[in-house]
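Between the sequences and the hints, there should be enough to build the whole structure, so can you do that?
First to last, the sequence lines map onto chains D and Y. Quick note: the first sequence uses the working numbering, first residue 1, plus one each step. Quick note: the second sequence uses the working numbering, first residue 364, plus one each step.
If a hint is listed, it holds; no wrong ones were tucked in.
To list a few chain Y residues with every Cβ distance to chain D over 12 Å, as calculated:
1) Ile389
2) Pro394
3) Arg397
4) Ile404
5) Glu409
6) Asn410
7) Trp416
8) Lys418
9) Ile486
10) Ile501
11) Leu513
12) Glu539
Pairs of lysine-lysine residues, derived as DSS-like cross-links and limited to a Cα-Cα distance of at most 30 Å, are as follows:
13) Y/Lys494 <-> Y/Lys444
14) D/Lys95 <-> Y/Lys444
15) Y/Lys418 <-> D/Lys95
16) Y/Lys502 <-> D/Lys95
17) D/Lys157 <-> Y/Lys482
18) Y/Lys555 <-> D/Lys157
19) Y/Lys494 <-> Y/Lys467
20) D/Lys159 <-> Y/Lys444
21) D/Lys159 <-> Y/Lys502
22) Y/Lys458 <-> Y/Lys494
23) Y/Lys467 <-> Y/Lys482
Only some residues are given here: those of chain Y computed to face chain D with a beta carbon under 7 Å:
24) Arg428
25) Asp453
26) Val552
27) Lys555
Just so you know, the hints here were simulated from the structure itself, not pulled from any lab data. Virtual Cβ for every residue (Gly too), placed ideally from N, Cα, C.
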Amino acid sequence: MNREEQVLFGMRELFERHGYRRFEMSKFEEYDFYAENRSFLSSENILTYTGLDGKLLALKPDVTLSIVKNTKGCYGSPERVYYNENVYRARKGDKEYREIMQAGLEYIGDIDTYATLEVLLLAGRSLELIDSGYILDISHMGLLAGLLEETGLGPAKQKEILTAVREKNVHELRAACAEQDVAPETAESLAFLAGIYGGLKETLPAVRKLCRGGRMEKAYEELSELCRCLEECGVSGHVNLDFSIVNDMDYYNGIIFQGFINGIPSGILSGGRYDNLVHKLGKQADAIGFAVYLDLLERFATEKKEFDTDVLLIYGDGDSPAAVAAEVRRLTDGGERVMAVRTEPRDVRFRRRLTMKDGEARK
Amino acid sequence: MTDGWINIALPKGRLGEKAYDIFESIGYGCPEIRESSRKLIFENAENGVRYFWVKPSDVAVYVERGAADVGVVGKDILEEKGFDIYELLDLGIGKCRMAVAGIKGSRPDPELTLRVATKFPNIARRYYRQKSREIDIIKLHGSIEIAPILGMSDVIVDIVETGTTLRENDLEVFEEIFPISARLIANRVSYKFKNGPLRAMCEKIAERI
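Here is the structure:
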């Protein structure tokens, strides 16, 4: 098994043990479905084709939308589902579509602190399956949304500010606020929020001071309660606060988070609370979930293979095929990789070379 | 990226040298870098920094992909391509501006599609979309100033530093799009795993500028 498969296997087992059932879905959806929810998708590009009945279909660029569409979605009866699926989209800057392997879970129903904690802990454990040196960054959309509301700016200008927050670009954030006559107090709070990075204990008290108004207070309460729980569960060493995680506000609300592995240059896990999406699709429920981008593991911690095989076993016309097979079996049972050949191939790197003689592999 | 080093991508040329001066002045020097002119990678084991000289427009690529933890890059390049990185500081060096320029005294006919020659098609497109102006982009790789002189374009969108090149070719700035300076950028994941050292570095630089 390669790394991707090992991690995937581990994640499936982990999710099933926690009562999540596998969600199987079709490879495509009607294009209109994605077109209506375009801003939820991380990429604008959708791979489409015409179905046999002339309808425009799309290879799914995202799994969450399909799950939410197909869920019962009602308060009072939570649904836990997980998936591992290929999705098709172009990464930013790419000129071609890619097949991206994703695995993740969704919790749909009433989301209380326990539900949020469960999802965050499972996110942490999924990352741990990849590498013990992981980081899980969390943020709360309510704080940023509260401050943005305070600026009184229109959507286009808010977007500009969000981009600066996302880039931790404090100098441009200040400049943009000054240009738009945002109250200096609000501008400084935004700049402070963008710059925050660190452990829960060190950063939370500073966040507390920023909170003005009901929306931010509520967000802070949620965040600090969750942080307390994470601490009690003994994982707070891996968790940092970072408000530069920004997701689309039309869909996400509440806690959002991202996971990182030392050695993989971009985020490998992404998730959050997305009640707004569920409500938009007409369901009576709240939801939280995350996805892990397993394709990013391809180049992670793969040992460079020095040899193509451990043993090159040479046999000739006189050797019994059954005897060769028996020797191959003996060597592979001993944990070695074996390649049985008639003549030495030119481009195969091997650790040692054995030759069949009298029904045995010898030096 | 995973090692204890801080990997810094610098743009080859004058801007990179100025940026190196800043790093050196805050204790991240690597004396060897001043000696050789052909080598591309320099290390100083004492303070754990490693420098790469790369093509200016590639700095952000090295940073985005994590080959470098931080880098120094002009705002023009960040605006043109768009990278998934943190922009931590405005270094205040390499100052110039992105501007629209054309032949002195001329004014493009507002009824015609504006022909724009530029090395920065995305910036030009975004700027004119905001103004709802129909344009025809002519992508060039250098000596942009010739395009309006030969009548191939109505205006150019390009970097203007002192304006000498424009003046000598009888061109002038029509509009300014945005000011440019060099920025310190960081890989999003490096910033998390090397947060302490990177933040200390930023603070020292911020004090200097």
